[in-house]
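S.K.: Protein chains in written order, with my numbering: chain A, 1 to 289; chain B, 290 to 381; chain C, 382 to 771.
Hints listed in this document are in silico derivations from the structure and should not be mistaken for laboratory results.
Hints are supplied without guarantee of correctness; some may be wrong.
Only pairs whose alpha carbons sit at most 25 angstroms apart, straight line, appear in this in silico SDA-like list of lysine to any residue [to be verified]: (1) A:Lys198 / C:Gly616; (2) C:Lys596 / A:Pro50; (3) B:Lys297 / A:Arg6; (4) C:Lys521 / C:Ala636.
Now the stretches of chain A that chain B is said to cover, found in silico as 3 or more residues with beta-carbon under 8 angstroms [what the hints assert, rightly or not]: (5) 16-30; (6) 37-49; (7) 221-233.
We treat Cβ as the ideally placed atom computed from N, Cα and C, and that holds for glycine.
These are the residues of each chain, in order.
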Amino acid sequence: MKPEDRVEGRHPMEEFLRMDRMPHIWCSGCGIGIVVTSFIEALQKSGLDPNKVCVCSGIGCTGRVAGYVKLDSFHTTHGRPVPFATGLKLANPELKVVVFSGDGDIVGIGGNHFIHAARRNMDIVVICVNNFNYAMTGGQVAATTPIGANLSTAPYGNFEYPFNLPYLAEACGATYVARWTCLHIRRVTKSIQEALQKRGFSFIEVITPCVTLYARRNRLGDGLNLLRYYYENSEIRHGADTRTLDIGYQGKIIVGKFVDIEKPTFLDCMNNHLRKVLGDKYQPWGVKS
Amino acid sequence: MIYFGELKEKKGIVNIIKDRCKGCSFCVEYCPRDVLEMSEEFNVKGYHPPRVINPDNCCYCQLCEAICPEFAIFVTLREEEEREREKEISRP
Amino acid sequence: MNVRKKSADPKGVLTGVHYLDGDYAIAEGALAAGCRFFAGYPITPSTETAERFAERIPMVGGVFIQMEDEIASVAALIGASWAGLKAMTVTSGPGFSLMMENIGLACMMEVPIVIADVQRGGPSTGLPTLTGQGDMQQVKWGSHGDYEIIALSPDSPQECFDLTIKAFNLSEMFRVPVFIMTDECVGHMHEKVVIPPAEEIEIVERKWYEGPKDKYLPYKPDVDLVPFMVKAGDGYRFHTTGLTHDERGYPVINAECQDWCVRHLCDKIRLNADKIIEYKEDETDNAEIVVVSYGITSRVAWKAIQDARKAGIKVGSLRLITIWPFPDKRIEELAGKIKAFVVPEINLGQIKREVERAAKGKVPVYPVSHCGGWVHNPDNILKVIKEAAK
Ligand code: SF4
Ligand code: SF4
Ligand code: SF4
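Input sequences plus hints: build the corresponding full structure.
M.R.: Structure (structure tokens):
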């Protein structure tokens with residue numbers, strides 16, 4: 001937004017927010033709102049027509065994002081925003097489809113959908129807010145919980161190996177993979193903008209504080225304390241080998257852009273292949289003539 | 290002294306939508322110019338919103354705006370600054 | 382009803398006389414109805430529909446995608462439907478169970494989609510290759526909470542074709558998932574299927590909203606109770622959710638809104654039931670016994686009915702085309718005039734319960750049940766008709 005378009009009393013992002021639904025449900029000190037701000041900023045900078053941008057969320061704290069952004073927005077079932085987005089995108093390839101959801105949703109219950117959408121190189125953007133636990137249901141252990149962290153269903157501490165999400169995404173075929181903490185506001189914005197302007201399966205993990213459950217249960221203080229932890233313990237290492245990106249409890253967080261490659265999307269492959277095999281009989285899909 | 294040519298620091302005006310604030314104090318902590326501090330007053334939700342203590346320090350960096358999870362704070366450019374800048378640019 | 386009709390898009394219509402199995406006929410019905418999106422997961426005995434669609438769609442123009450599971454399939458259908466396409470999937474047995482989560486979402490979001498269930502013996506993996514009719518209650522109640530859907534039951538490949546078109550039309554008309562409840566026998570049975578010219582096929586268009594953009598409310602019921610729809614990308618910037626919501630589609634978590642929202646989902650089908658329900662009757666006017674049947678079982682029952690008539694018993698036939706909403710009214714009327722109902726089906730009395738409920742205890746209802754694997758021996762149905770006539 002240009003400086004002269006800013007007016008007093010009206011937040012410059014209001015055009016992209018459902019103000020009739022504010023305040024949002026997120027706790028004081030929760031980081032999800034920061035990621036939404038970054039997303040809107042990125043959307044504004046991307047130059048995309050907002051009428052052609054859809055947001056799909058699943059269930060959970062981050063799942064509520066779809067309800068607050070003023071775009072065509074779909075609050076779907078738990079773990080299913082990725083296949084929902086797949087349907088939207090394939091049915092109307094003109095749309096830019098963004099999945100905005102949490103770690104439990106995308107790689108917990110929705111893990112199978114995630115890996116297959118990445119494998120197919122489905123042309124969608126996945127923003128995964130990782131708060132290390134199932135927050136909406138009261139702070140249960142998740143597929144991303146660092147070993148040793150205490151959660152309501154891991155009352156003696158977690159002993160399961162967590163996922164390393166960038167590694168998972170890259171291994172499955174994602175063409176864009178980045179990880180940031182929500183404190184890296186400008187970097188998150190830039191990554192989202194790059195992803196929005198890219199064709200292919202893009203994955204951005206954003207680590208955010210869950211103050212009410214994860215931080216409180218582990219006596220880590222409030223939102224600020226967690227932001228300070230990110231500040232002190234995150235290290236930017238662009239292009240790092242994604243196998244080295246595990247996160248230990250209150251340990252170092254390697255952030256950066258790890259993958260940014262080009263390869264034909266699902267629809268490119270479908271159109272190219274079928275045209276080759278079927279010749280003129282084939283009716284291409286989603287190709288502007 | 291370092292010469293920055295015609296580059297001039299921007300000045301911002303902080304807008305706080307008090308009743309939207311949830312008092313996380315992120316804006317106060319991360320403002321590079323110590324423009325803000327948490328106030329003692331309560332908003333409708335019972336949180337302490339920030340208040341501006343050093344208005345002239347604001348450099349329009351928009352960090353407070355970017356880090357606020359509640360869309361409760363933003364900055365506008367000081368108009369006299371803008372006009373002045375235009376004048377400067379039109380100088381031969 | 383606020384219904385706009387047009388004739389079928391000739392691109393998808395394979396006009397002519399064909400020799401097809403029921404599964405293929407469903408795929409052809411879908412293409413004729415204008416379905417251009419299919420997301421599915423293979424499962425016996427329904428896979429042939431997916432295969433046929435995958436083979437045909439590249440020349441028609443549309444998308445076939447094999448998803449990672451049935452949960453994803455229905456999620457993709459809902460997404461595609463919001464993008465404006467007619468979308469369908471097929472499944473059987475355990476696949477149908479996996480779909481239930483997002484069937485609930487489709488009901489809650491009021492999205493037109495079509496799902497064919499080619500039934501096999503259950504529960505669990507059951508009889509993957511052999512027939513059954515055991516999903517007749519699951520289709521109505523399988524997702525959680527109160528909701529209404531529409532389910533149709535074809536008894537031949539020709540009806541598979543015809544009812545698939547009808548399923549799409551009803552789905553668009555009522556913004557609701559519609560099910561084609563067929564079974565392994567009909568699915569794998571080859572028969573003559575006549576596909577008429579495109580201009581003879583009537584297609585119902587979606588109820589597109591045409592008013593001012595800022596006035597659009599995705600869940601404001603129209604006079605026929607069905608809200609208008611828009612599609613993603615058209616600038617309405619609407620919101621939709623699986624949560625209990627108000628007319629704007631915004632979540633409202635309280636008892637009043639729950640009552641409004643859920644009653645609306647049910648009422649739009651219940652109060653329009655007369656416009657939906659279809660059945661075929663034969664000699665019910667002065668019948669003493671009425672055989673209520675559907676799908677493949679009605680073809681077997683037909684032999685038993687004829688044999689019973691030869692033996693001098695006045696038997697009528699009520700063949701259900703629409704299973705849900707259930708034709709309560711007609712059953713109750715008949716119950717006042719006859720001696721008994723006989724309900725043969727390949728399950729342990731799922732539709733018999735409904736007949737009993739609708740008959741309100743006026744007359745006895747005799748089940749002819751078996752658990753699946755093959756169709757009835759008509760003699761077993763005849764035996765029960767005779768017993769009921771005593
Ligand atoms: S429970 Fe945790 S993740 Fe959820 S809104 Fe509160 S702080 Fe954020
Ligand atoms: S714009 Fe920058 S300097 Fe001004 S109050 Fe905000 S953070 Fe501080
Ligand atoms: S960052 Fe926003 S919510 Fe937090 S204290 Fe500042 S204005 Fe209030």
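S.K.: Could you run down the list of hints and mark each one as holding or not?
M.R.: Hint by hint, here is what the structure shows:
no. : hint                : in the structure
1   : A:Lys198 / C:Gly616 : holds (22 angstroms)
2   : C:Lys596 / A:Pro50  : holds (19 angstroms)
3   : B:Lys297 / A:Arg6   : holds (20 angstroms)
4   : C:Lys521 / C:Ala636 : holds (24 angstroms)
5   : 16-30               : holds (count 9)
6   : 37-49               : holds (count 3)
7   : 221-233             : holds (count 4)
The structure agrees with every numbered hint stated previously.
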